[in-house]
Amino acid sequence: MFEVKAEVIASKKITKDIYSIKILSPEISENAVPGQFVHLKCGEDKSFILRRPFSIHRVDGKTFELLFEVVGKGTRWLSEAKSHLTLDILGPIGRGFSIGDNLKSVMFVVGGMGVAPLVFLSDQLIKRKVKLYVAIGATTKDRLLYFMDLKRISYKIFVSTDDGTCGQKGFVTDLLNNALNTVKPEQIYACGPRAVLRKTAEISKELKIPCEVSMVERMACGIGACLGCACKTKGKTNGDFEYKRVCVDGPVFDAEEVVWS
Amino acid sequence: MFEVKAEVIASKKITKDIYSIKILSPEISENAVPGQFVHLKCGEDKSFILRRPFSIHRVDGKTFELLFEVVGKGTRWLSEAKSHLTLDILGPIGRGFSIGDNLKSVMFVVGGMGVAPLVFLSDQLIKRKVKLYVAIGATTKDRLLYFMDLKRISYKIFVSTDDGTCGQKGFVTDLLNNALNTVKPEQIYACGPRAVLRKTAEISKELKIPCEVSMVERMACGIGACLGCACKTKGKTNGDFEYKRVCVDGPVFDAEEVVWS
Amino acid sequence: MRSGLAVDIAGIKMKNPLMTASGTFASGREYSKLIDISRLGAIVVKGVTLKEKKGNPPPRICETPSGILNSIGLQNKGVNYFVEEDLPFLRKQKIPVIVNVAGSTIEEYLGVIERINGVHGISGIELNISCPNVKEGGMIFGSDPKMAAKIVKKAKSVAEAPLIVKLTPNVMDICEVASAVVEAGADALSLINSVLGMAIDVKTFRPRLATTLGGLSGPAIKPIALRMVWDVARTVDVPIIGMGGISCLEDAIEFFLAGATAVAVGTANFINPKITVEIIDGLETFLEERGMKSMDELIGKLKV
Amino acid sequence: MRSGLAVDIAGIKMKNPLMTASGTFASGREYSKLIDISRLGAIVVKGVTLKEKKGNPPPRICETPSGILNSIGLQNKGVNYFVEEDLPFLRKQKIPVIVNVAGSTIEEYLGVIERINGVHGISGIELNISCPNVKEGGMIFGSDPKMAAKIVKKAKSVAEAPLIVKLTPNVMDICEVASAVVEAGADALSLINSVLGMAIDVKTFRPRLATTLGGLSGPAIKPIALRMVWDVARTVDVPIIGMGGISCLEDAIEFFLAGATAVAVGTANFINPKITVEIIDGLETFLEERGMKSMDELIGKLKV
Ligand SMILES: Cc1cc2nc3c(=O)[nH]c(=O)nc-3n(C[C@H](O)[C@H](O)[C@H](O)COP(=O)(O)OP(=O)(O)OC[C@H]3O[C@@H](n4cnc5c(N)ncnc54)[C@H](O)[C@@H]3O)c2cc1C
Ligand SMILES: Cc1cc2nc3c(=O)[nH]c(=O)nc-3n(C[C@H](O)[C@H](O)[C@H](O)COP(=O)(O)OP(=O)(O)OC[C@H]3O[C@@H](n4cnc5c(N)ncnc54)[C@H](O)[C@@H]3O)c2cc1C
Ligand SMILES: Cc1cc2nc3c(=O)[nH]c(=O)nc-3n(C[C@H](O)[C@H](O)[C@H](O)COP(=O)(O)O)c2cc1C
Ligand SMILES: Cc1cc2nc3c(=O)[nH]c(=O)nc-3n(C[C@H](O)[C@H](O)[C@H](O)COP(=O)(O)O)c2cc1C
Ligand code: FES
Ligand code: FES
Chain A
45 MFEVKAEVIA SKKITKDIYS IKILSPEISE NAVPGQFVHL KCGEDKSFIL RRPFSIHRVD
105 GKTFELLFEV VGKGTRWLSE AKSHLTLDIL GPIGRGFSIG DNLKSVMFVV GGMGVAPLVF
165 LSDQLIKRKV KLYVAIGATT KDRLLYFMDL KRISYKIFVS TDDGTCGQKG FVTDLLNNAL
225 NTVKPEQIYA CGPRAVLRKT AEISKELKIP CEVSMVERMA CGIGACLGCA CKTKGKTNGD
285 FEYKRVCVDG PVFDAEEVVW S
Chain B
45 MFEVKAEVIA SKKITKDIYS IKILSPEISE NAVPGQFVHL KCGEDKSFIL RRPFSIHRVD
105 GKTFELLFEV VGKGTRWLSE AKSHLTLDIL GPIGRGFSIG DNLKSVMFVV GGMGVAPLVF
165 LSDQLIKRKV KLYVAIGATT KDRLLYFMDL KRISYKIFVS TDDGTCGQKG FVTDLLNNAL
225 NTVKPEQIYA CGPRAVLRKT AEISKELKIP CEVSMVERMA CGIGACLGCA CKTKGKTNGD
285 FEYKRVCVDG PVFDAEEVVW S
Chain C
268 MRSGLAVDIA GIKMKNPLMT ASGTFASGRE YSKLIDISRL GAIVVKGVTL KEKKGNPPPR
328 ICETPSGILN SIGLQNKGVN YFVEEDLPFL RKQKIPVIVN VAGSTIEEYL GVIERINGVH
388 GISGIELNIS CPNVKEGGMI FGSDPKMAAK IVKKAKSVAE APLIVKLTPN VMDICEVASA
448 VVEAGADALS LINSVLGMAI DVKTFRPRLA TTLGGLSGPA IKPIALRMVW DVARTVDVPI
508 IGMGGISCLE DAIEFFLAGA TAVAVGTANF INPKITVEII DGLETFLEER GMKSMDELIG
568 KLKV
Chain D
268 MRSGLAVDIA GIKMKNPLMT ASGTFASGRE YSKLIDISRL GAIVVKGVTL KEKKGNPPPR
328 ICETPSGILN SIGLQNKGVN YFVEEDLPFL RKQKIPVIVN VAGSTIEEYL GVIERINGVH
388 GISGIELNIS CPNVKEGGMI FGSDPKMAAK IVKKAKSVAE APLIVKLTPN VMDICEVASA
448 VVEAGADALS LINSVLGMAI DVKTFRPRLA TTLGGLSGPA IKPIALRMVW DVARTVDVPI
508 IGMGGISCLE DAIEFFLAGA TAVAVGTANF INPKITVEII DGLETFLEER GMKSMDELIG
568 KLKV
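If you read the sequences in order, they're chains A, B, C and D. Taking the numbering used here, I'd label the letters of the first sequence as residues 45 to 305. Taking the numbering used here, I'd label the letters of the second sequence as residues 45 to 305. Taking the numbering used here, I'd label the letters of the third sequence as residues 268 to 571. Taking the numbering used here, I'd label the letters of the fourth sequence as residues 268 to 571.
Note that these hints are calculated values from the structure, not bench results. Backbone N, C-alpha and C fix where the C-beta goes; we use that ideal spot for every residue, glycine too. Be aware that one or more of the hints could be misleading.
Said to hold, decoys possible - In silico negatives: residues of chain C with every beta carbon more than 10 Å from chain D:
#1 Ala277
#2 His387
#3 Val469
#4 Leu569
As the list claims (entries may be wrong) - Simulated crosslink set (DSSO-like; lysine-lysine; CA at most 27 Å straight-line):
#5 Lys278/A x Lys321/D
#6 Lys470/D x Lys568/C
#7 Lys117/A x Lys300/C
#8 Lys49/B x Lys300/C
#9 Lys117/B x Lys541/D
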């Protein structure tokens, strides 16, 4: 992990409220693995605002990209960051996705913004010639981010939208059971709202497919010191539990490890 | 008094840490009298920072100017305000300098940034063909703001700097007694640090020259409601006192009215 | 204005739940140049004492992170001046006027109440037993449940208008004081007054306020105020006027959810003089968008 | 490093007066990746209990104006784990290590103290009778002067290392508690712990913290903390560790002027991990520029 002052190289509006930003940092770019995140200072020098966590969306040489949605003051500020602005960034942080050595086929379960880290992961999987299936859902057609890219690189793609404007009407997990009747991935990676992760965990457990989920929690320090970002996980003995830190013990957890209740 | 959203027309660095800014607002410009001030929101929309008071430095048609020194976060922000930025301003506020109907000659006593409202006042006095004397002081030569302009329009100018880089070494009030031996203004207007105002008040009382001083105090509301900006003044009966509001009862007070202790 | 925003504080009927916090709005005259103050749910005036009070020496104001410290010290011209000079203007606004009553002895409090009893145009009394900026009275009365109950009981026996008691946050257990004053007859509570604080100028090594200590207000104290409103709302059965750091619609809604029947805006007026009416407009839209018919669907509706 | 920055807290010799606030720096390992923690005056570790404590459910953090609310709930793996797993790393830093001791019963506090008695590498004990985020113990002990004195007396009779007592701001009169615990044997005081607060999500109508209430920290509480340090410093004769909202050099200086012998930085670490060492560097320059030879020329030197 590094603390760097890194320059914004480019920034782009993807669709309403969704932006991507490209940042120059050899330290972070060259050390990052898919699933890791950066912890970023938003706002002017003197303003007191906690850093905000963002998944590493894509890496290209000495640069990396973030993909984010404007939901509050931090992301609003970031959406206005222009080229040449210097950002204060901690990263790369956390446990990323684990990619088994002889992995042949995987399925992504993507809910909304959950696509962000999975694009980085897909780049690595494609390099390794892993067969990719994708189940992707969003509230509406316009929010199906990277849909065409994922369609192009995946062997098969399953789509849902809450309002039915594209693919099946409903949640992405509604079509997961059906999808898993037709394709048999060796591994599932899920990223999205908690409800999506939870349901995916259930289904993959039933079908005995290993599954990793990328958890989201409010963070303060982002480096493992404050214990703010608790995720309830199974303890060493049966029935016991332990709060792990999403920032450094995760954000990617084995779905079986998480206590969802 | 108005609350206006007014556009910055121009902004200029005068010297180290000192800036002027020109603002378009017919409401404020056309209603202002010398000595009044505006109460200005500094900082981005959502940041919580009290408004800051600034004297109206100059008026030209529908525009007015401020002259200010960067001393903290509010003035720093204002120094970075670019043309076209919209400012949230309350003004014009307060009791300005009173100019007697048949006034023939006046003296300015200026300490440092105190020059700001006196430039506006001088414009009006010159129009009325009042004879102007100026006693001006600053820490050092570079801080003698508007010195050449004041020199040009004044009948006689007396100068001091704390470090002796221009004029007499010492405070402006040190040369005031001497100055008032040579010139006999009917009225004194003083603006600057409290020590300058106080000493000027003493001298003018001794010499029985009417004197008005422009007071400075921390402000919250700036419109007379919070009683934050107290200035100790003489009460109705002997020995009694009353806290008046610098924002609306001042900022210009009769020097005799103020309790200086 | 829809009647959906209407609330009732101990018989004081307000067309909406937005009030001004005492001492931040004087008697409304100044702000009436910038907003239509007749749109307010009610106006709470600056603390009034029996005789003129000069207040504390300057500096009286300083800024802190997301807040301000003040040490005004209840400067006011006394209750007679208020009734004769300020009230006529307020009456014309046709909104409830609530008088913040202060004093350094119980007798003084009672004297003010007696003077305003029956005076036309006064809808309520806010008993200020929580001012942190005076040496005598104020917070001292409000910190001790027994003392607080004693003064409230006497005030209640004299007061003709509904009696709202304003509580200080500078206590260990605000619920204890709240219960005591409600028991003693308070018709409603308002909280919180400012929090004791201090700031130092590191250039001069001097306190930033002439009085050294002052009252902290503004967004910085919002989490503290909200916690206290929530605790008190579950403890007593009288309506609560919530305040402390409210500076936007969302802040106000937090207080309603926590159990406040009405809210007061203080320090935020200094930054945005239009904030009260903006919150009124925003609140109307908020209820409308959610199909809520009255404030009852919001007040105390925190989901825990 | 100049010796001019050196201070002594009840026999704990520190090369400079900058410490970390308990619970914001874990046991230093995480931050050691970003700064040279051996430069700190001392490190105060996260609260340690006798047995493992699981802590509170998430969300445990939320942001407020110039502050944060937390409800960690003293999650830690117990004193044995601390001594065996964390301490060896800390010993290598060659700076004083102060253990923040917590518990839900007096026996538990004493148990922790006994376990660390005589353990090499522990320079002091910070008795945490002020945690707002646990149902039992914590703040309850620290709010009542008698209870506080009782536990301090017992702790003092057992403790081999200097005993620092950490006070809660959630009281009416912190001086009363301070006097009681000093009387009972406290060698030093640290203040303040976080202030009870709350925040609500107006979209979901739910509290932002799973526990509803949490502890407010960060710049928002600085005026409150400073006021308490100033009051306590004039009341008791033991050294004070000041904390609450320190996020830059000027903030630290305010606390020294108010009477703190050392200061601790908490929440600000989360935003700028280098803040402690930046303040150390800044403080050295500050003294130098003013020709001050030691911290004594700064501590308590407020001009009133
Ligand atoms: C490991 C991790 C990776 C993330 N990666 C991405 C990403 O790649 N792209 C992206 O758009 N977002 C990502 N997020 C979420 C992102 O951190 C939040 O959206 C951001 O912090 C919001 O900041 P804000 O100031 O704009 O919103 P705020 O004003 O702080 O809050 C607005 C609303 O956003 C939600 N929110 C805020 N912070 C969080 C958080 N930490 N976790 C969950 N919900 C939150 C809450 O509902 C809140 O009410 C990630 C979060 C985590 C923990
Ligand atoms: C009626 C009036 C007219 C003024 N006119 C001018 C003007 O024309 N040009 C100009 O440069 N300044 C003027 N001032 C002072 C100006 O308001 C302050 O310099 C400004 O508010 C500082 O804001 P800041 O955020 O930069 O500083 P802050 O960060 O708030 O404070 C930095 C330091 O500046 C000083 N300071 C801040 N505010 C005030 C204040 N209200 N009064 C006195 N000292 C203060 C204090 O020493 C403080 O420590 C005027 C003040 C008043 C009351
Ligand atoms: C300048 C100022 C003056 C105040 N004067 C009074 C007063 O006279 N009586 C009173 O009960 N409260 C007084 N208060 C407290 C406010 O009414 C309010 O309780 C407090 O400021 C918290 O609300 P806020 O954060 O919205 O300002 C005053 C507050 C300020 C800032
Ligand atoms: C996340 C977090 C965890 C904390 N844990 C502890 C703790 O275990 N023991 C303790 O005495 N104080 C704890 N505190 C309180 C801090 O040590 C400190 O007293 C308080 O945060 C005020 O300082 P600050 O504003 O600089 O953070 C914690 C504070 C935070 C923010
Ligand atoms: S955010 Fe601090 S431990 Fe994870
Ligand atoms: S600043 Fe509020 S009365 Fe003058």
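Output the numbers, in ascending order, of every earlier hint that fails for this structure. 3, 4, 7
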